[in-house]
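Protein chains: 2
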Amino acid sequence: MEFIINNECFNKAISEVSKAVSLKTPFPILSGIKIIANKNCLILVGSNSDIVIEKVIPLTIDGINVLEVYDTGSVVISAKYLSEIVKKLPDNIHLKVNENHLVSIKSDEIVVNIYGFNSEEYPSLPQIDEAKYIKIPSFELIEIIKQTAFAVSKSESRPVLTGVNMSFKENHLSCVATDSHRLALRELAIESNVNGSFIVPSTSLNELTKLINNEPGVIHIFVTDSYMVFKSNTISLYTRLIEGNYPNISGLLPNNLKTIITLDTNQLLRGIDRACLFASEWKNNNVHLEIKDGTKIRIFSNSSEIGKIEETQKIKAINGDTDLSISLDGSFLIDALKVIKEEEIRLSFGGSMRPVLIEPIDNSSYLHLISPVRSY
Amino acid sequence: MEFIINNECFNKAISEVSKAVSLKTPFPILSGIKIIANKNCLILVGSNSDIVIEKVIPLTIDGINVLEVYDTGSVVISAKYLSEIVKKLPDNIHLKVNENHLVSIKSDEIVVNIYGFNSEEYPSLPQIDEAKYIKIPSFELIEIIKQTAFAVSKSESRPVLTGVNMSFKENHLSCVATDSHRLALRELAIESNVNGSFIVPSTSLNELTKLINNEPGVIHIFVTDSYMVFKSNTISLYTRLIEGNYPNISGLLPNNLKTIITLDTNQLLRGIDRACLFASEWKNNNVHLEIKDGTKIRIFSNSSEIGKIEETQKIKAINGDTDLSISLDGSFLIDALKVIKEEEIRLSFGGSMRPVLIEPIDNSSYLHLISPVRSY
Numbered sequence: 003m004e005f006i007i008n009n010e011c012f013n014k015a016i017s018e019v020s021k022a023v024s025l026k027t028p029f030p031i032l033s034g035i036k037i038i039a040n041k042n043c044l045i046l047v048g049s050n051s052d053i054v055i056e057k058v059i060p061l062t063i064d065g066i067n068v069l070e071v072y073d074t075g076s077v078v079i080s081a082k083y084l085s086e087i088v089k090k091l092p093d094n095i096h097l098k099v100n101e102n103h104l105v106s107i108k109s110d111e112i113v114v115n116i117y118g119f120n121s122e123e124y125p126s127l128p129q130i131d132e133a134k135y136i137k138i139p140s141f142e143l144i145e146i147i148k149q150t151a152f153a154v155s156k157s158e159s160r161p162v163l164t165g166v167n168m169s170f171k172e173n174h175l176s177c178v179a180t181d182s183h184r185l186a187l188r189e190l191a192i193e194s195n196v197n198g199s200f201i202v203p204s205t206s207l208n209e210l211t212k213l214i215n216n217e218p219g220v221i222h223i224f225v226t227d228s229y230m231v232f233k234s235n236t237i238s239l240y241t242r243l244i245e246g247n248y249p250n251i252s253g254l255l256p257n258n259l260k261t262i263i264t265l266d267t268n269q270l271l272r273g274i275d276r277a278c279l280f281a282s283e284w285k286n287n288n289v290h291l292e293i294k295d296g297t298k299i300r301i302f303s304n305s306s307e308i309g310k311i312e313e314t315q316k317i318k319a320i321n322g323d324t325d326l327s328i329s330l331d332g333s334f335l336i337d338a339l340k341v342i343k344e345e346e347i348r349l350s351f352g353g354s355m356r357p358v359l360i361e362p363i364d365n366s367s368y369l370h371l372i373s374p375v376r377s378y
Numbered sequence: 003m004e005f006i007i008n009n010e011c012f013n014k015a016i017s018e019v020s021k022a023v024s025l026k027t028p029f030p031i032l033s034g035i036k037i038i039a040n041k042n043c044l045i046l047v048g049s050n051s052d053i054v055i056e057k058v059i060p061l062t063i064d065g066i067n068v069l070e071v072y073d074t075g076s077v078v079i080s081a082k083y084l085s086e087i088v089k090k091l092p093d094n095i096h097l098k099v100n101e102n103h104l105v106s107i108k109s110d111e112i113v114v115n116i117y118g119f120n121s122e123e124y125p126s127l128p129q130i131d132e133a134k135y136i137k138i139p140s141f142e143l144i145e146i147i148k149q150t151a152f153a154v155s156k157s158e159s160r161p162v163l164t165g166v167n168m169s170f171k172e173n174h175l176s177c178v179a180t181d182s183h184r185l186a187l188r189e190l191a192i193e194s195n196v197n198g199s200f201i202v203p204s205t206s207l208n209e210l211t212k213l214i215n216n217e218p219g220v221i222h223i224f225v226t227d228s229y230m231v232f233k234s235n236t237i238s239l240y241t242r243l244i245e246g247n248y249p250n251i252s253g254l255l256p257n258n259l260k261t262i263i264t265l266d267t268n269q270l271l272r273g274i275d276r277a278c279l280f281a282s283e284w285k286n287n288n289v290h291l292e293i294k295d296g297t298k299i300r301i302f303s304n305s306s307e308i309g310k311i312e313e314t315q316k317i318k319a320i321n322g323d324t325d326l327s328i329s330l331d332g333s334f335l336i337d338a339l340k341v342i343k344e345e346e347i348r349l350s351f352g353g354s355m356r357p358v359l360i361e362p363i364d365n366s367s368y369l370h371l372i373s374p375v376r377s378y
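In order, the protein sequence lines correspond to chains B and C.
The numbering of the first sequence is our numbering, which starts it at 3 and goes up by one.
The numbering of the second sequence is our numbering, which starts it at 3 and goes up by one.
Excised from the complex, chain B in its bound form (with noise of 0.2 Å):
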């Protein structure tokens, strides 16, 4: 196996699979990143037991020569060696490797030798049948996972709920996130032969985003037996599949809503993060609203050894009852206010034991649902 490359472009793919790599496996060959040389291209596969990346470099970029393939073969190197190096030599990088595996790597007059792993002991990856496939624009797959992926539970006690449950039905996904406190929901018409549910872990799709966020264009999906696997021109990035039933979220809609309001989407997000100044006492972030004579909202949060901060804002439209006092965990309503981009809310509420539904004006195609928390 011998071939060169550029450097900045060999540097790119690397750090790119990386992300995949850990530095803390039980299996060394793990740690590396699989190179293969073909005839027309290069591919760097990282991976962990959650995740495979895989990359390729083809011949020219944009008309411009950055590999040229002597000789086709391939090879494991360490991951964190590989990295370093290549991004500390200066010029185009020559790399050789010899049937024992040693990796000769020159770069002017510098030459490095690193001692490889045999590339059959590599895991191979899992199949694809692309008969099914989803079609998705990047751009809508990062924001459906940025305004979702944040709403799964952190604790493993429930696996199912670390992930985001993703539903396909002909030509139409939903997302959805929970940790049984909070839910985000959000669906989205898309092109797609495929029916059924998938749980992804939420790790894997914030990989996702930063991977594909550079990649303009469509995103293909597979599904194999238990992985996803999400396809752009150049990268593929597959996922294991989180295994058991996802919870039958339509009863949690509520549906006996008593006070409807309209807020400004961005004033009550800063008013929020405000009053989560004194709220770091309680267990829960505990903020206080309280609707005061129809026209204004009080926000206001109390540390006993501290201080307390309140303010109100205006309500720009109320339906129902005008008399209302709840407490929330103001974290989980600063995490649902981030990933609305529409300028106005409405929060539904029930009662100050129910749970308040968040939606952007004029959008149906996502929500959120928060559970109170009892202030005292």
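Please keep in mind that the hints were generated in silico from the structure rather than gathered at the bench.
Please note: incorrect hints may appear among the correct ones.
Any copy will do: because identical chains look the same in the list, a pair fits if it lies in one copy or spans two.
Only pairs whose alpha carbons sit at most 30 Å apart, straight line, appear in this in silico DSSO-like list of lysine-lysine [unchecked claim]:
| # | residue 1 | residue 2 |
| --- | --- | --- |
| 1 | 148 | 171 |
| 2 | 156 | 82 |
| 3 | 90 | 340 |
| 4 | 233 | 316 |
| 5 | 310 | 108 |
| 6 | 90 | 212 |
| 7 | 57 | 212 |
| 8 | 316 | 41 |
| 9 | 343 | 26 |
Take the given structure of chain B and dock chain C to it, following the hints.
Relative to chain B, chain C alone:
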């Protein structure tokens, strides 16, 4: 005590004095910032056992009113909460303290109440004798700190070595730092009527460089019994001095030099940085230098388990013995090379077991000395 202050200006001052406030102090009052409202200015003070930072906010800055004092007085407020509150308030800040040290902070429709401390319990500042002074442009002070402070000892076993020894003689300053394996020396002509040597904690000097980084103009230095004070127009840093006798370094400078070579500073820095990749297996980051036939220097390191790296660089000039092999702690060499601004350096060797002298070409005001390490 009552005043109205520009939000941004108050925020900046709080963040500056907060740098001296330790969150982990056994005295609750020291976790606070002392605020003194005088008729014509506001003074903020933060301190811990090593340093005190004092900031003065005048009534106007660049002709713009930033402060109105309605009632003079003083109070101490938790640095953590004050800083978080002020950051999150949208407009000018109206601060008022009642006789029970209860602080009320208002901004727009937001009201915060926070319990303050009695400012009389806050420790008082050391007295300054303004007759004995030192004047130094802030950019030069920052430079000499950067060129020496990195070389102090990280270990507390000999406390004097954790400081930079600043020796003042009539209009002359010399700064020395050493951890007994390496030494950095910088000399400078200054305006001063002080004679004496003072050991200043490197941590205080590093804090000082951040504080005066955006302060053009001259820094005045005063020395009290156990403090050194650095004063710009609006900000002062008081640092505790380290007691004890600093070692005499005049005997350390080598006089029997066998080989003197000239190299490109930046190229050597990058080469040593690369060689350090495989040096971490060694206790001292062993990097080996070897002069080859008087024209090139070979830089290499190896790790039995991972691999090896080597490169050669051109020697620009050589004097004396053309045969030399030496092992150094690569990280020490990197630290020294990073603070040399000149394009070329002179390395002077007294043999493979003698300290290496590193000096910039055409600048005799500073030097570095590094002891070799055993390579087996």
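| Among all the numbered hints in the text so far, which are the ones the structure does not match? | 4, 8, 9
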